[in-house]
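Asker: Residues per chain are reported as follows:
4 protein chains.
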Amino acid sequence: MVIIMSPEATQQNISEVVEVIKGVGLDAKIMEGAQQKIIGVIGDKTKMASIPVDAMQGVDHSVSISKSYKLASREFHPQSSIINVSGIEIGGDEPIIMAGPCAVESREQLMEAAEIIKAGGAQFLRGGAYKPRTSPYSFQGLEEEGLKYLAEAREKTGLKIVTEVTTVEAIEKVAAYADMLQIGARNMQNFGLLKEVGKCGKPVLLKRGLAATLDEWLNAAEYIMNEGNPNVVFCERGIRTYETYTRNTLDMSAVAAIKHLSHLPIIVDPSHGTGKWRMVKPMALAAIAAGADGLMMEVHPNPAKALSDGSQSLTPEHYRDVMSGIQKLSKFLKDEKLLSFVED
Amino acid sequence: MVIIMSPEATQQNISEVVEVIKGVGLDAKIMEGAQQKIIGVIGDKTKMASIPVDAMQGVDHSVSISKSYKLASREFHPQSSIINVSGIEIGGDEPIIMAGPCAVESREQLMEAAEIIKAGGAQFLRGGAYKPRTSPYSFQGLEEEGLKYLAEAREKTGLKIVTEVTTVEAIEKVAAYADMLQIGARNMQNFGLLKEVGKCGKPVLLKRGLAATLDEWLNAAEYIMNEGNPNVVFCERGIRTYETYTRNTLDMSAVAAIKHLSHLPIIVDPSHGTGKWRMVKPMALAAIAAGADGLMMEVHPNPAKALSDGSQSLTPEHYRDVMSGIQKLSKFLKDEKLLSFVED
Amino acid sequence: MVIIMSPEATQQNISEVVEVIKGVGLDAKIMEGAQQKIIGVIGDKTKMASIPVDAMQGVDHSVSISKSYKLASREFHPQSSIINVSGIEIGGDEPIIMAGPCAVESREQLMEAAEIIKAGGAQFLRGGAYKPRTSPYSFQGLEEEGLKYLAEAREKTGLKIVTEVTTVEAIEKVAAYADMLQIGARNMQNFGLLKEVGKCGKPVLLKRGLAATLDEWLNAAEYIMNEGNPNVVFCERGIRTYETYTRNTLDMSAVAAIKHLSHLPIIVDPSHGTGKWRMVKPMALAAIAAGADGLMMEVHPNPAKALSDGSQSLTPEHYRDVMSGIQKLSKFLKDEKLLSFVED
Amino acid sequence: MVIIMSPEATQQNISEVVEVIKGVGLDAKIMEGAQQKIIGVIGDKTKMASIPVDAMQGVDHSVSISKSYKLASREFHPQSSIINVSGIEIGGDEPIIMAGPCAVESREQLMEAAEIIKAGGAQFLRGGAYKPRTSPYSFQGLEEEGLKYLAEAREKTGLKIVTEVTTVEAIEKVAAYADMLQIGARNMQNFGLLKEVGKCGKPVLLKRGLAATLDEWLNAAEYIMNEGNPNVVFCERGIRTYETYTRNTLDMSAVAAIKHLSHLPIIVDPSHGTGKWRMVKPMALAAIAAGADGLMMEVHPNPAKALSDGSQSLTPEHYRDVMSGIQKLSKFLKDEKLLSFVED
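Chains as they are written, first to last, in the numbering used here: chain X, 902 to 1245; chain V, 902 to 1245; chain H, 902 to 1245; chain Y, 902 to 1245.
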């Protein structure tokens, strides 16, 4: 942390700030110029977390220069992590594809979808049994019934199951049926939920919050890991901006940023990221080229009859086309070794 | 809802869309121009919520033109609501002030703060016992111990208590001590929590989400009200934008917007809204002049020793100065009848 | 500036950075901790502007801690400036009101508007002769003809004229007719235009860019002042955010921020800031309560026939009502001395 | 356009709105439901541009449903356009690469850069002679001297020249030396400049504004095309969001969106889009995979000595590595026909 004193700060002000810093066991260095005095603080940032230096006399403002997360950081764990989910490795050589309908709507719809997903080559079936919806009057999901259909689809196809958990109470139930728990964008800072999925131990797919910074997202992973669960996979799904043509603005650069800042895998959801099925293929290919460890995509046997998010769902034909492209591109990138990250 | 067909849409496409609309019991009107065909849908929007028209053949896009909330809307309840919290009326003639430290830190700190708050003329004591924090390593609150201190401060001063509840499990405990439950910005779309505070029946202070639209905020209130709890008060606390000088961008116009769209009261939190104690007074006065029903402000006996948000906390002296200004301004606005909202 | 070295930076890397800093005549101080090394740079920031330290070996990132503007800053000029525009003082005791139609549409419309504006008590007539419009097919303004009508309206009413200049070529012409030149939001970083209005010497109303930070805005003023023209007045007109209910998000806190950072006056435009005439009155009152030095508002003799921005224009009746409120509120605030800014 | 009447609108209100619509030669259709009345307007949107229906009695709000640009739209010109710049085809089979330093700093620097750029395989040399800078005290470019060096570098290497023009006065000079004129982000809505580069006829590289919507960007192209210059190429360079880790948020989905909405080519600038050289390679590959027609990248012989934007510039080694990746990927995508855009 660097503390910038205001021009009219007195020596007394500076001494008081330094005293507070030393009081929590940190070291302070003063730099004085003709017009400016700044105080550098070196050491464990967490010790400073509870000191409101900005409120002290003579302080203009302070600037944070170190990270507030540790377990999720690449400094702490320089080697990229591979997360094993029921035998499927996320973060390894192959991109992992999670596909399926936005919501589980009926047994028939899900079984039909599962067969299509399996045939196209994805490893995971996605589908919401608990749906967080803006309006209380929108379809809220089939809940446990939906979980049972997901488990049945796994039996039939061998696909692994990833599905969202929205409340602490539902964790046990969802964990009993799913291979991987999804934390949705609206719950990325539902810290109670993060701690409990941390305790539960199941692998977690952590979607980025609607307007979450990378730092907040990494800290959300830290909440889960700090409870003893190291199996976290990030999912970029677009952020909220002023642009209204797309449902969200897919932050493709988050792939490269997370790869640099963290050892955890990251996948991309071009369906929610754009909200338009036409944009799924180009963004899926782009994500793979950017180095993403996989994709999450919405596919519906009949998008025009979907109970939610139909306009961003791929038809079975488009899904097959996208999968074929991803597989070819991914093989090409691996063969050409195009994705080795550049480090000094 | 208005459905805009793409230029190459066929008559067959149009017929299919119309059929789907009629299938859910709504009426469709077709408007055809030389280059453009649009279909208007009239009736209860909730019936359309589950139909993905955007995914149908020939549809370019659709535009929603009605609201997805009802109980919270002024159309449904044209008269402004007054919410009674343990005898204090929010939304009535007097602005209601909620003040206190960001977090309950110790018995001494809270009692000292409560005496200051009471003396300055506020009606509510605020203070977090459960703190949602970005990093798992930051101070997380005293939990039930903090609630007990809040109740003790009420005993001594007569101030009402408003405090945040962050998990479903904690609702019962918080409700046993507090007069009003606060839903924080990070939980504004924690729908499980919203439903449970709806069932619990205690008055709710609903903070706006970090990047929530007005529509999403009103729908969050609808979740609470739909469970039978009509006692919701909005709190504007700044939204996330690209500007970094302030902690958030205080959306003052939300006061006028909510007054127009809803019958529920709205208060403003200039402390979180700006993140700088210097800006609290001008923004507090502005909020009252804009027609806000009250304010929430952070006050700390000694901001420079606060365990969280010290840089945005008022000192006791500044608090007294702000309160004096608010009281004079509020009386003036009432005497001059300057705040009658303009309706055609 | 503070330079944060990456954990694996060598002593050699640090020496090279220090050498570059000293090479431009600045002083560098090294702070070393167990895991972190940072280098503080003290002195005139402008000397560092051209050194890309972030690209040097071993540098993780750098953080700017001082301002890049000087003439516009309160440090440079601690006393608040009063800008005199043809005898009207902006930044003095009285709030200055600029009102009128968005665009000059015809001689009749403008004369009618001018009489209404004058009668209501404003000091300036606004009206665009050159209109920057998103689409090339929208009404672009009457150009010089419009300027002549503005000058004629000044003759008749004594109102001062403020009108937008959008190109360097038009400056001379606009300056010949207007008392004050307006730089619109879309041109806030049209540096060629800023320099030329700086040279021209006429007082300038500098609107905030659509997504401009406070720092960029202050630097835009610096461009004008650096050419020898100290007569700059800021105008907050809303910034672009994700919220679509309002045309822009009016950043009311910019009033308090600019008052703290700069000695120049600031006014607020609630018409563009909200895009809705119903919200103009509450936001106008709020701006005055926040300490704004004036307001710019759209008023049209017949908003429903306006050629641009009719939906945000006040009718003559509403204008009179708003003016009456502003005058009373302003007198009250002055009498009660409620607006003295809090400085330590 | 669809006009939504407020619930209390009278028949008289509706008639007046319909009359105004018919008055400009358009057709209006009324749809009435139990609680809602809406009026559909069919026909040329430009006729409605000047009617402020939102300000009419009884109107709640209106929603625009058609585009305000025409020449730039794919409806108008269904076939993708290829823009020929001095013999180089942008929008054809090969991705076109524009590379070079942010600013022309000296003859030596530019000649060295040009040789590197040429050897790596790019077709265009970029380099700013006129630099728009936030602070008036930052390096502003070598101006005409810089243009001469650019022309000299073209002589030596055969590279085409693209460079920014920031003022109307400089157009003639820049056009005399450059093959393609760049309109920078800060000038995307400098309509005077757009019209003049439209008249000048030289091919234009139109960067997206800092916070420009796709619609505004397309309309900016329309300004240029409407003056008779059809040779416009879009350049996505990141938009402004709340995220501060990257300099901007690169909106990769804009590639797919522009391809759908317009017939004009689009390239991507990952250097400005991210602000970090480490992220250039993954984002460059992603852009090509997304279907971009080319790239603009900053390359500097010695980034650590660059006078601007050094931290986002590639070294010669990294540039060669990125170019090699792009060429292989591009060939692969063409051979596999992976980029055919999905249309119904």
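Because the hints were derived from the structure by calculation, they are not lab data. Just so you know, not all the hints are guaranteed correct.
For chains that are exact copies, the list does not tell them apart, and a pair is met inside one copy or across any two.
[As the list claims (entries may be wrong)] Only pairs whose alpha carbons sit at most 20 Å apart, straight line, appear in this in silico SDA-like list of lysine to any residue:
hint, residue 1, residue 2
1, Lys1019, Thr1216
2, Lys1235, Ser1225
3, Lys1238, Glu1009
4, Lys1057, Gly924
5, Lys1206, Ala1071
Asker: Hints first: check each against the structure and report whether it holds.
Answerer: Verification of the hints:
1. With identical chains, the CA atoms of Lys1019 and Thr1216 are at most 20 Å apart within one copy only, with a shortest distance of 14 Å there and 45 Å across copies.
2. Taking the closest pair of Cα atoms, Lys1235 and Ser1225 come within 20 Å of each other both inside a single copy (16 Å) and across two copies (15 Å).
3. In this assembly of identical chains, the alpha carbons of Lys1238 and Glu1009 never lie at most 20 Å apart, being 42 Å within a copy and 35 Å across copies at closest.
4. For the identical chains of this complex, Lys1057 and Gly924 are neighbours neither inside a copy (62 Å) nor across copies (34 Å), given an alpha-carbon limit of 20 Å.
5. Neither within a single protomer nor between protomers do Lys1206 and Ala1071 lie at most 20 Å apart by alpha-carbon distance, with minima of 28 Å and 40 Å respectively.
Checked against the numbered hints listed earlier, the structure breaks hints 3, 4, 5; every other hint is satisfied.
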